[in-house]
Amino acid sequence: MLTSDLAINFRRGDKIYPRLIKTDDAGYLRDAANLIEIFDDFIGKTRGELEGELEEYVGTGTDYRILRGLIKLLTDRCEFETSSVAEPSKIRQKVFLEARKFQPVLPDSENRNKVLETVAAEFETNAKTLFSSLYADLSAQQKMTEFETCRAKDLLERYNLAQAQALLYKCVEMKIRVAPSDAANYRSIFGWIKHFGLIHSVIGNAANGYEIRLTGAASLFHRSQKYGIQMSVFLPALLLCKDWKMSAEISQKEKGNVFYELTSEQTDLTSCYFDEPEYENPDIKKLLKIWEKSSAEWSLQENCKVIDLGRTTFIPDLVLVSPDGKEIYLDILGFWTPKSLQKRLEEFQAANFKKFIIAASQELRGSREEPLWTSANVIFYKTKIEPRLLIETAENLIQTSRA
52 MLTSDLAINF RRGDKIYPRL IKTDDAGYLR DAANLIEIFD DFIGKTRGEL EGELEEYVGT
112 GTDYRILRGL IKLLTDRCEF ETSSVAEPSK IRQKVFLEAR KFQPVLPDSE NRNKVLETVA
172 AEFETNAKTL FSSLYADLSA QQKMTEFETC RAKDLLERYN LAQAQALLYK CVEMKIRVAP
232 SDAANYRSIF GWIKHFGLIH SVIGNAANGY EIRLTGAASL FHRSQKYGIQ MSVFLPALLL
292 CKDWKMSAEI SQKEKGNVFY ELTSEQTDLT SCYFDEPEYE NPDIKKLLKI WEKSSAEWSL
352 QENCKVIDLG RTTFIPDLVL VSPDGKEIYL DILGFWTPKS LQKRLEEFQA ANFKKFIIAA
412 SQELRGSREE PLWTSANVIF YKTKIEPRLL IETAENLIQT SRA
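Sequential numbering from 52 applies to the sequence shown in the numbering used here.
Hints listed in this document are in silico derivations from the structure and should not be mistaken for laboratory results.
Be careful, since some hints might not be right.
With a Cα cut of at most 25 Å, we get these calculated SDA-like pairs of lysine to any residue [to be verified]:
(1) Lys293 to Thr364
(2) Lys337 to Lys293
(3) Lys66 to Ala230
(4) Lys340 to Lys304
(5) Lys390 to Ser373
(6) Lys394 to Asp375
(7) Lys165 to Thr196
(8) Lys340 to Ser373
(9) Lys435 to Ser275
(10) Lys96 to Thr180
(11) Lys356 to Ile335
(12) Lys304 to Val284
(13) Lys356 to Asn447
Restraint-style ranges between C-beta atoms, simulated for each label pair [said to hold, decoys possible]:
(14) Lys277 to Phe310: 22 to 28 Å
(15) Lys141 to Ser322: 43 to 49 Å
(16) Ala191 to Ala137: 17 to 23 Å
(17) Phe272 to Ile341: 31 to 37 Å
Cβ coordinates follow ideal geometry from the N, Cα and C atoms, glycine included.
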């Protein structure tokens with residue numbers, strides 16, 4: 052994605068728009084093709100050499116920021132690694148200690164060569180290789196080992212998408228209105244929201260459609276940068292879905308906040324996601340593996356149901372099934388705040404729905420404040436969810452429902 056200094060947008064009234072480029076423009080297509088060729092040609096060379104070539108190409112033209120943006124997106128498709136015969140800091144230490152014996156050590160001097168040859172022998176290499184390893188841990192000395200190439204037009208489309216994504220770094224709240232649709236579309240939208248761990252609330256039902264509210268990074272006081280990235284990468288996923296209208300409130304330092312609006316009918320942006328794997332929360336995956344190895348009498352199954360709670364809906368990740376067939380639904384949160392979680396519990400209470408457990412990771416809490424309340428339906432965890440704690444919580448909920 053683009054850094055904020057490469058984001059280009061403009062404002063009209065209370066609306067904000069990303070500055071998009073024409074993906075069929077001959078000049079931009081030529082620049083994109085040339086930049087891709089440079090990256091292809093520099094596989095195996097250092098980052099410093101690549102950056103030098105790119106600086107020469109970009110120059111100081113009027114499209115400087117656009118070219119820099121294209122370069123940033125291409126750099127994201129690269130893999131760099133430190134190539135050294137040993138830890139560079141250890142090599143430097145050895146060389147500096149050895150150099151004390153051969154003062155003065157000047158560039159291209161015989162003493163310099165003796166120092167390098169002596170230390171090179173210790174590392175079972177030659178002087179030239181040792182010298183290239185001396186500062187191999189510096190960014191400019193890292194070697195490009197891989198580059199995922201692409202077509203020029205694809206790069207321009209990715210650039211436009213990245214400009215739109217950059218607006219969402221400062222999102223206060225995103226509202227998505229989903230028109231009455233098929234179940235597959237609902238599952239896709241809700242699945243992507245859970246995939247990126249976004250804090251959300253939902254009003255509506257399958258027959259009438261849903262209004263989804265996503266908390267933006269500008270509303271968080273903790274882990275907001277990481278969350279802002281998650282909000283941004285959600286956008287191309289939303290573009291794959293249908294029958295929606297989106298309005299995102301964007302924080303502005305001057306002249307008040309503005310709104311960025313999109314619909315599923317738009318044609319300016321193209322999603323960069325194709326054949327994405329289905330949503331897989333790492334904590335869910337870890338829990339399922341632990342459960343398989345445990346001797347628990349309860350079973351843990353993936354959930355496929357969308358539970359209608361009247362004014363809102365509930366899409367749990369898993370369902371706990373007791374030996375006699377009773378079910379308790381389990382939802383493992385992504386990002387959350389005490390306020391958002393409390394609001395969610397109030398929705399369950401209003402619907403008189405009690406057969407659920409919410410598991411909240413302390414690592415993904417978007418607020419430094421601890422919850423000032425307790426709930427029999429909520430468990431907190433740091434690194435992993437313990438099956439024993441889940442079963443105890445589920446059994447207590449069943450006993451309470453009988454009372």
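Hint-by-hint comparison with the structure:
no., hint, in the structure
1, Lys293 to Thr364, "holds (19 Å)"
2, Lys337 to Lys293, "violated (32 Å)"
3, Lys66 to Ala230, "holds (23 Å)"
4, Lys340 to Lys304, "violated (47 Å)"
5, Lys390 to Ser373, "violated (31 Å)"
6, Lys394 to Asp375, "violated (32 Å)"
7, Lys165 to Thr196, "violated (32 Å)"
8, Lys340 to Ser373, "holds (19 Å)"
9, Lys435 to Ser275, "holds (23 Å)"
10, Lys96 to Thr180, "holds (15 Å)"
11, Lys356 to Ile335, "holds (17 Å)"
12, Lys304 to Val284, "holds (24 Å)"
13, Lys356 to Asn447, "holds (23 Å)"
14, Lys277 to Phe310: 22 to 28 Å, "holds (24 Å)"
15, Lys141 to Ser322: 43 to 49 Å, "holds (46 Å)"
16, Ala191 to Ala137: 17 to 23 Å, "holds (19 Å)"
17, Phe272 to Ile341: 31 to 37 Å, "holds (33 Å)"
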